[in-house]
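*Asks:* Full structure from sequences and hints, please.
What follows is each chain in one-letter form.
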Amino acid sequence: MKHSLQRLLLATCLLAPPLAQAQNPAGPSAPEAPAARPVAPAPAFPYPIQQKQLANGLNVVTVPFDSPGLASFFLVVRAGSRDEVEPGHTGFAHFFEHVMFRGTDKYSKEKYNDVLKSIGASANANTSLDRTVYHMTGNATMLEKMFEVEADRFQYLKYPEHEFKAEAGAVKGEYTKNSASLYTQLNEKVADAAFDKHTYEHTTMGFFKDVVDMPNQYQYSLTFFDRFYRPEYTTLLVVGDVKAEEVNKLADKYFASWKRGSYKPAIQPEPAQTAPRYVHIQNANFPPMVSLSYKGPAFSDQSKDLPALDVLTTMLFAENSPLYQQLVVKEQKVRFVGGSPNMTRDPYLTSIRASVVKAEDMPYVKEQITKALEDLKSKPIDAKRLADTKSALKYGFLMSLDAPDQIANSLAEFIWLTGNPESLNRYYALYDQVTPADIQAVAKKYFVPEGLTVGTIGPGATGGVQ
Amino acid sequence: MKHTFSRLLLAAALFGPAGAHTAQAAEIVELRQPNAAKVVVKLQFRNGSSADPVGKEGLTFLTSQLVTEGGTKDMTSAQLKDFLYPMSTRYYAVTDKEVTTFTFEFHKDFIDKFYPVLRGLMLTPSFTQEDFDRLQSNLHNYVEQVIRASSDEDYSKFALEDQLFRGTRFQHMTRGTAAGVKNLTLADVKKQYAAAFGQDNLTIGLAGNYPASFAKQLEADLKKLPKSSVKPAVPTVAMPKGIRVEIISKPDALGSAIYAGFPIQTTRANDDFAALMVANSWLGEHRKSYGKLYDKIRTTRSMNYGDYSYVEWYEGGGQNMLPVPGVPRHANYASLWLRPVQIAEGLRKQYPAELGDLKVGHAPFALRLAVREMDNVVKNGLSKDDFELTRTFLRSYVKLYGTTPAKQLGFLLDSKFYGRKDWLKEVDGQLAKLTVDDVNRAIRKHWQVQNMFVTIVTDDSEAQPLADVLKNNTPSPMSYANVVKAGLPADVVAEDKAVADYKLNVTDVKIVDTKDTFK
Numbered sequence: 042m043k044h045s046l047q048r049l050l051l052a053t054c055l056l057a058p059p060l061a062q063a064q065n066p067a068g069p070s071a072p073e074a075p076a077a078r079p080v081a082p083a084p085a086f087p088y089p090i091q092q093k094q095l096a097n098g099l100n101v102v103t104v105p106f107d108s109p110g111l112a113s114f115f116l117v118v119r120a121g122s123r124d125e126v127e128p129g130h131t132g133f134a135h136f137f138e139h140v141m142f143r144g145t146d147k148y149s150k151e152k153y154n155d156v157l158k159s160i161g162a163s164a165n166a167n168t169s170l171d172r173t174v175y176h177m178t179g180n181a182t183m184l185e186k187m188f189e190v191e192a193d194r195f196q197y198l199k200y201p202e203h204e205f206k207a208e209a210g211a212v213k214g215e216y217t218k219n220s221a222s223l224y225t226q227l228n229e230k231v232a233d234a235a236f237d238k239h240t241y242e243h244t245t246m247g248f249f250k251d252v253v254d255m256p257n258q259y260q261y262s263l264t265f266f267d268r269f270y271r272p273e274y275t276t277l278l279v280v281g282d283v284k285a286e287e288v289n290k291l292a293d294k295y296f297a298s299w300k301r302g303s304y305k306p307a308i309q310p311e312p313a314q315t316a317p318r319y320v321h322i323q324n325a326n327f328p329p330m331v332s333l334s335y336k337g338p339a340f341s342d343q344s345k346d347l348p349a350l351d352v353l354t355t356m357l358f359a360e361n362s363p364l365y366q367q368l369v370v371k372e373q374k375v376r377f378v379g380g381s382p383n384m385t386r387d388p389y390l391t392s393i394r395a396s397v398v399k400a401e402d403m404p405y406v407k408e409q410i411t412k413a414l415e416d417l418k419s420k421p422i423d424a425k426r427l428a429d430t431k432s433a434l435k436y437g438f439l440m441s442l443d444a445p446d447q448i449a450n451s452l453a454e455f456i457w458l459t460g461n462p463e464s465l466n467r468y469y470a471l472y473d474q475v476t477p478a479d480i481q482a483v484a485k486k487y488f489v490p491e492g493l494t495v496g497t498i499g500p501g502a503t504g505g506v507q
Numbered sequence: 024m025k026h027t028f029s030r031l032l033l034a035a036a037l038f039g040p041a042g043a044h045t046a047q048a049a050e051i052v053e054l055r056q057p058n059a060a061k062v063v064v065k066l067q068f069r070n071g072s073s074a075d076p077v078g079k080e081g082l083t084f085l086t087s088q089l090v091t092e093g094g095t096k097d098m099t100s101a102q103l104k105d106f107l108y109p110m111s112t113r114y115y116a117v118t119d120k121e122v123t124t125f126t127f128e129f130h131k132d133f134i135d136k137f138y139p140v141l142r143g144l145m146l147t148p149s150f151t152q153e154d155f156d157r158l159q160s161n162l163h164n165y166v167e168q169v170i171r172a173s174s175d176e177d178y179s180k181f182a183l184e185d186q187l188f189r190g191t192r193f194q195h196m197t198r199g200t201a202a203g204v205k206n207l208t209l210a211d212v213k214k215q216y217a218a219a220f221g222q223d224n225l226t227i228g229l230a231g232n233y234p235a236s237f238a239k240q241l242e243a244d245l246k247k248l249p250k251s252s253v254k255p256a257v258p259t260v261a262m263p264k265g266i267r268v269e270i271i272s273k274p275d276a277l278g279s280a281i282y283a284g285f286p287i288q289t290t291r292a293n294d295d296f297a298a299l300m301v302a303n304s305w306l307g308e309h310r311k312s313y314g315k316l317y318d319k320i321r322t323t324r325s326m327n328y329g330d331y332s333y334v335e336w337y338e339g340g341g342q343n344m345l346p347v348p349g350v351p352r353h354a355n356y357a358s359l360w361l362r363p364v365q366i367a368e369g370l371r372k373q374y375p376a377e378l379g380d381l382k383v384g385h386a387p388f389a390l391r392l393a394v395r396e397m398d399n400v401v402k403n404g405l406s407k408d409d410f411e412l413t414r415t416f417l418r419s420y421v422k423l424y425g426t427t428p429a430k431q432l433g434f435l436l437d438s439k440f441y442g443r444k445d446w447l448k449e450v451d452g453q454l455a456k457l458t459v460d461d462v463n464r465a466i467r468k469h470w471q472v473q474n475m476f477v478t479i480v481t482d483d484s485e486a487q488p489l490a491d492v493l494k495n496n497t498p499s500p501m502s503y504a505n506v507v508k509a510g511l512p513a514d515v516v517a518e519d520k521a522v523a524d525y526k527l528n529v530t531d532v533k534i535v536d537t538k539d540t541f542k
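Those protein sequence lines, which keep their order, are chains A and B. Sequential numbering of the first sequence, starting at 42, is according to this note's numbering. Sequential numbering of the second sequence, starting at 24, is according to this note's numbering.
Note that these hints are calculated values from the structure, not bench results. Predicted, not measured: the structure shown is a model, and the values here were computed from it. Just so you know, not all the hints are guaranteed correct.
No farther apart than 27 Å at their CA atoms in a straight line, the calculated lysine-lysine pairs in the DSS-like style are these [stated by the list, open to error]:
1) K494(B) to K526(B)
2) K371(A) to K213(B)
3) K407(B) to K150(A)
4) K152(A) to K407(B)
Per label pair, the in silico range of CB-to-CB distance [as the list claims (entries may be wrong)]:
5) T182(A) to N403(B): 29 to 37 Å
6) T182(A) to K382(B): 52 to 60 Å
7) K399(A) to K213(B): 23 to 31 Å
8) T151(B) to R268(A): 56 to 64 Å
9) A238(B) to A297(A): 51 to 59 Å
Calculated Cβ distances over 12 Å to all of chain A for the following chain B residues [what the hints assert, rightly or not]:
10) P76
11) L245
12) A521
Virtual Cβ for every residue (Gly too), placed ideally from N, Cα, C.
*Replies:* What follows is the structure, given as structure tokens:
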């Protein structure tokens, strides 16, 4: 949950730099050279990725990194709010993440806390559309203890019904704190409007009515655990002051007896959208906002669509772009404008947001953004601008990799998208191949009114934006 | 030269946490890491929002933003953004109460290309009217609107500081007040830049992969900064008489966000701070399920998302799992943070059968429970086992404070602020030496529950009923939904009764309209 929210919040944050694009790298920034000899480019990820799959399907990934005495231990479960297929259970993957801290026969929640204290770990979990991630970073010499307690709860979680009911209140508290932000409220409305059939129609928090009903879902929680907390859904990732042999040995010892499951969710595909949709929040005491959310592609490490969209949005909204210089610097009609595609397992949204100084300028701002997108369909970008953007993305990525938990987070994203961390290198190799023609092609394919959901915050009863 | 000088500073500082130091020239702190891919430069100035002139609240913050958002003598802001774009450099300024820190992060491949920009921004910033207008408008928008409608948690924290530091230069948000920001001019910014960002109130920090010549060049260039003529104004805050509550009434709040605190006279400069860290970690370590507050309010009673305690300011608590450097302060306070709890209006809607007549939500019960927990530890202290386990945790956990070069460097600069060489390393030795008696003594010396400030941001429907309960000290029984109530253990039911009747030493309760905050 926090991750996807964070990206959207970042993109709308008014006084922080627009970091949303900074996490995506590209290959070397040489100009396009399609006829060049096929030389394998250096992998984008600068550390060796060591993998071993257990017989039960659990994938074990080790990345040694120079962080003396420290290790990050991640369990990535490929189940998130996307997998909440039955009505009435929205937000359940996230709720279940909370339930995972309610103990086992061997380690009650108090004993589990005592172990975490003894490891000196920063430990937590978070859920998003496509996955749930459990993480702890702490004393590398306590690695075996990390394995022991995590293997125990992933296989033998056991919580009394009362404890389950009590935990639901914490999720309601989380909803309560999040909903203080109008951006959160807008995210919720836009997702609900943009999707009718697919589970992406609700945010990871879920619909409030389902959150209130959570204490009554004990039986469903047993089913949920049985379905998704299985080795074939899970990747174990260890980064830091560790060796692959040691990690693999411990994985064998603690996880080899974990039984494979058989469940596969039937997620309804979203039918093609045929006309623009509109949602609005009326509030006179908040900066007016226009958001344009276009249906985008699903993640793939074989297609150039997503890298091309990433390059396009990075370039279009960078602080040195003509659009930014016009709207933010010269005209000062906009406080912030930004946007980026999302990397998701199924097709989701590429969202663009602008915080507008005066409400009456909202139609103008929307028009200017749309015009800039239209221009990209007909005018190819120059080679230098493309090379500069690839370089910006590459160095942004490299600079983000300086702590074991940051490295684990970067890899975890590709693990939940495809199940294989090597996807990271395959995906970033595609950036090298993005051409001006690719940028034009994705602009034409995705930035179309039929795929658009407009969200607005403003003082009027409607956004007044068409 | 610089080594001798920092030893002098250290010697001067160990005698007490008094006011800001009076350095004569920039100190330099280095953390060379030849295997790192990037370089981090941090320039920390002893000014901060407490150095804002009266009536110009927000000036230091805006000045620092204008330095990082503008251009230089050699390049306009637009040219500079174009030049830096392919390098993906990051630089930003953070202004806290007593310091402003500029951070520059760039890949080692670009040392030579980026350095002239860094030097230009710090020595010859462009300060154009166009940039000023834009950033002032954004800042005004933040203090006037965004803070009231983005996070009730941050809102309650800044409002508590407004109450706790009232009448001092620590009162206003680091971003200023609505009137203060509106009052600023470009001339003010230029004046503040010349007066508050000097070579003599600067500590230079360098980390990562850079040649020795780079450090020399940086140090030599920053000597060209003028001498500063303003100082941060560090207040001594008097303990309030009793518990003084301000309730901020806001339309459409879904919960009640609570923050409480009282001044303490201890900072990282003092050795018994480590003892307080142990006590605090046991009571309410930030974002950890181990703390007493979290266990009783969230885990057992499921009232909210989390409950924590602090013995110093914690920046960005909603976003950060671990403390961030760059916010060191001499004027310190202990605090309790209760994340939003349910209000009566919401509970009536959610559970009409059992809570349809409810008059007030969970806020008074949550506040009583938290204060009572602190009261219990003041009276009874920690057990030997709890002490040992918590100390073991902290000795390992503090290593996570500095997992990146930028964070390590930030904590080194903060160490200098407190007159320490390397607090992150020293604290382990301090923790190792502690006994349970030391911790319990520190608790009794620094903590109490009779006097504190409390701020609660809540819905307008909740403000008056909540004020009535607190003012009259009437019992506030916990109102559970039946679905949770049915399975409550007997000891929890008994404790609930004691909490509901627990008397708070409330001496003042005021309701403030959201429109009247941060004016």
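*Asks:* Run every hint past the structure and note whether it holds.
*Replies:* Results for each hint:
1. With a CA separation close to 11 Å, the supplied pair K494(B) and K526(B) stays within the 27 Å bound.
2. The straight-line distance between the Cα atoms of K371(A) and K213(B) is roughly 22 Å, inside the 27 Å bound, and the hint therefore holds.
3. For the proposed pair K407(B) and K150(A), the alpha carbon gap of about 21 Å is at most 27 Å, so the pair holds.
4. For the proposed pair K152(A) and K407(B), the alpha carbon gap of about 17 Å is at most 27 Å, so the pair holds.
5. Remark: the range hint 29 to 37 Å for T182(A) to N403(B) is upheld by a beta-carbon distance near 34 Å.
6. Checked against the given bound of 52 to 60 Å, the beta carbons of T182(A) and K382(B), roughly 54 Å apart, stay inside it.
7. Our hint of 23 to 31 Å for K399(A) and K213(B) holds, since their Cβ atoms are close to 28 Å apart.
8. Roughly 59 Å separates the CB atoms of T151(B) and R268(A), a value that falls within the hinted 56 to 64 Å.
9. Taking 51 to 59 Å as the suggested C-beta distance range, the pair A238(B) and A297(A) conforms, at roughly 52 Å.
10. Listed as outside the interface, P76(B) is consistent with that label: its C-beta sits roughly 22 Å from the nearest C-beta of chain A, beyond the 12 Å cut-off.
11. Listed as a non-interface residue, L245(B) keeps its Cβ farther than 12 Å from every Cβ of chain A; the least gap is roughly 24 Å.
12. Consistency note on A521(B): stated as away from chain A, and its beta-carbon is indeed over 12 Å from all of that chain's, at 19 Å minimum.
Violated hints are absent here; each numbered hint is respected by the structure.
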